[in-house]
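Keeping the supplied structure of chain A fixed, place chain B upon it in accordance with the hints.
Read off the chains here:
Number of protein chains: 2
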Amino acid sequence: MKATIDHIGIAVGDLEASLRFFRDALGLDLDAPEEIASQRVRAHFLQAGETMLELLEATADDSPIAKYVETRGPGLHHVALLVDDIVAALAALKGKGVRLIDESPRTGAHNSLVAFIHPSSAHGVLVELKQKR
Amino acid sequence: MKATIDHIGIAVGDLEASLRFFRDALGLDLDAPEEIASQRVRAHFLQAGETMLELLEATADDSPIAKYVETRGPGLHHVALLVDDIVAALAALKGKGVRLIDESPRTGAHNSLVAFIHPSSAHGVLVELKQKR
Numbered sequence: 001m002k003a004t005i006d007h008i009g010i011a012v013g014d015l016e017a018s019l020r021f022f023r024d025a026l027g028l029d030l031d032a033p034e035e036i037a038s039q040r041v042r043a044h045f046l047q048a049g050e051t052m053l054e055l056l057e058a059t060a061d062d063s064p065i066a067k068y069v070e071t072r073g074p075g076l077h078h079v080a081l082l083v084d085d086i087v088a089a090l091a092a093l094k095g096k097g098v099r100l101i102d103e104s105p106r107t108g109a110h111n112s113l114v115a116f117i118h119p120s121s122a123h124g125v126l127v128e129l130k131q132k133r
Numbered sequence: 001m002k003a004t005i006d007h008i009g010i011a012v013g014d015l016e017a018s019l020r021f022f023r024d025a026l027g028l029d030l031d032a033p034e035e036i037a038s039q040r041v042r043a044h045f046l047q048a049g050e051t052m053l054e055l056l057e058a059t060a061d062d063s064p065i066a067k068y069v070e071t072r073g074p075g076l077h078h079v080a081l082l083v084d085d086i087v088a089a090l091a092a093l094k095g096k097g098v099r100l101i102d103e104s105p106r107t108g109a110h111n112s113l114v115a116f117i118h119p120s121s122a123h124g125v126l127v128e129l130k131q132k133r
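Sequence order for the protein chains is A and B.
Under this note's numbering, the residue at position 107 of the first sequence is numbered 107, and the numbers go up by one with no gaps.
Under this note's numbering, the residue at position 107 of the second sequence is numbered 107, and the numbers go up by one with no gaps.
Looking at chain A on its own, in the form it has when it is part of the complex (with noise of 0.2 Å):
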């Protein structure tokens, strides 16, 4: 399949520390956040030219990124991979024995499809498909 990366998502602990790195020693310009009620995440994407960083800020004590966080301390999360077709992605790699998170897409930020595959599948990384729409 042809991909691209679309941006890498980073699992936040204290949102301000993590903007004095990145938006403001880096230089990165960061985007208005949008909330994702169903992951109870708020993210945050800087812009790093074709791939972006989204840093992620959990919005309640449940959501997957405050349990990331507590298990593992901040840091790298996930990587996005930019798909034309994610339903096709997906029944492809099935087929190919490949362990899916999400076995069809849901909404994710900016209105896309997206869907994950289990890190046990990829070498211990979190790999999300998006498709734009």
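These are calculated hints, taken from the structure and not from any lab test.
In this text, all values refer to a predicted model and were calculated from it rather than measured experimentally.
Keep in mind that the hints are not guaranteed to be accurate.
Same chains, same names: a pair is fine if it fits in one copy or spans any two.
Stated by the list, open to error - Pairs of lysine to any residue, SDA-like flavour, derived with a Cα cap of 20 Å:
| # | residue 1 | residue 2 |
| --- | --- | --- |
| 1 | 2 | 91 |
| 2 | 67 | 37 |
| 3 | 2 | 19 |
| 4 | 2 | 45 |
| 5 | 2 | 25 |
| 6 | 96 | 121 |
| 7 | 2 | 27 |
| 8 | 67 | 36 |
| 9 | 132 | 49 |
| 10 | 2 | 49 |
| 11 | 2 | 88 |
| 12 | 96 | 21 |
| 13 | 2 | 30 |
| 14 | 67 | 101 |
| 15 | 67 | 124 |
| 16 | 94 | 24 |
| 17 | 132 | 60 |
| 18 | 96 | 45 |
| 19 | 96 | 124 |
| 20 | 96 | 30 |
| 21 | 132 | 16 |
| 22 | 2 | 98 |
| 23 | 2 | 29 |
| 24 | 2 | 50 |
| 25 | 132 | 50 |
| 26 | 96 | 25 |
| 27 | 94 | 47 |
Chain B alone, transformed into the frame defined by chain A:
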């Protein structure tokens, strides 16, 4: 500073297993591997648009990558930002109180100049700066 994301480094425990996913299942194009003797790693770059994935395979037991995989398991390791002037970028970051692993650049993959920022200054993320030459 103006920066784009050059690549995402992935610490690999079993190269063949990682290639089965990233090359065979996702279908990303794989470059010829490159040995980085100073880091005791072999880098396998996969093309995915402007930003690449770099599979990092330890070539010695005391390689930083071997230690990383032993402690945290395989997975996302670092993000590399491409800058125009790495010496100026390091000076600017140092002036802002950012803790650097490399005070001055050294030679990285593809004969580039690279320097790492300490994760304690980057909210848990290992950030590499890279300048082509």
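Results for each hint:
no.	hint	result
1	2 x 91	within (15 Å within a copy, 38 Å between copies)
2	67 x 37	within (16 Å within a copy, 37 Å between copies)
3	2 x 19	between (32 Å within a copy, 16 Å between copies)
4	2 x 45	between (23 Å within a copy, 16 Å between copies)
5	2 x 25	between (34 Å within a copy, 12 Å between copies)
6	96 x 121	within (10 Å within a copy, 40 Å between copies)
7	2 x 27	between (31 Å within a copy, 7 Å between copies)
8	67 x 36	within (16 Å within a copy, 35 Å between copies)
9	132 x 49	both (17 Å within a copy, 16 Å between copies)
10	2 x 49	both (19 Å within a copy, 9 Å between copies)
11	2 x 88	within (12 Å within a copy, 36 Å between copies)
12	96 x 21	between (40 Å within a copy, 9 Å between copies)
13	2 x 30	between (28 Å within a copy, 13 Å between copies)
14	67 x 101	within (17 Å within a copy, 29 Å between copies)
15	67 x 124	both (17 Å within a copy, 15 Å between copies)
16	94 x 24	between (42 Å within a copy, 13 Å between copies)
17	132 x 60	neither (27 Å within a copy, 42 Å between copies)
18	96 x 45	neither (32 Å within a copy, 22 Å between copies)
19	96 x 124	within (18 Å within a copy, 34 Å between copies)
20	96 x 30	between (38 Å within a copy, 19 Å between copies)
21	132 x 16	neither (29 Å within a copy, 32 Å between copies)
22	2 x 98	within (17 Å within a copy, 37 Å between copies)
23	2 x 29	between (28 Å within a copy, 10 Å between copies)
24	2 x 50	both (15 Å within a copy, 13 Å between copies)
25	132 x 50	both (14 Å within a copy, 18 Å between copies)
26	96 x 25	between (43 Å within a copy, 7 Å between copies)
27	94 x 47	neither (32 Å within a copy, 22 Å between copies)
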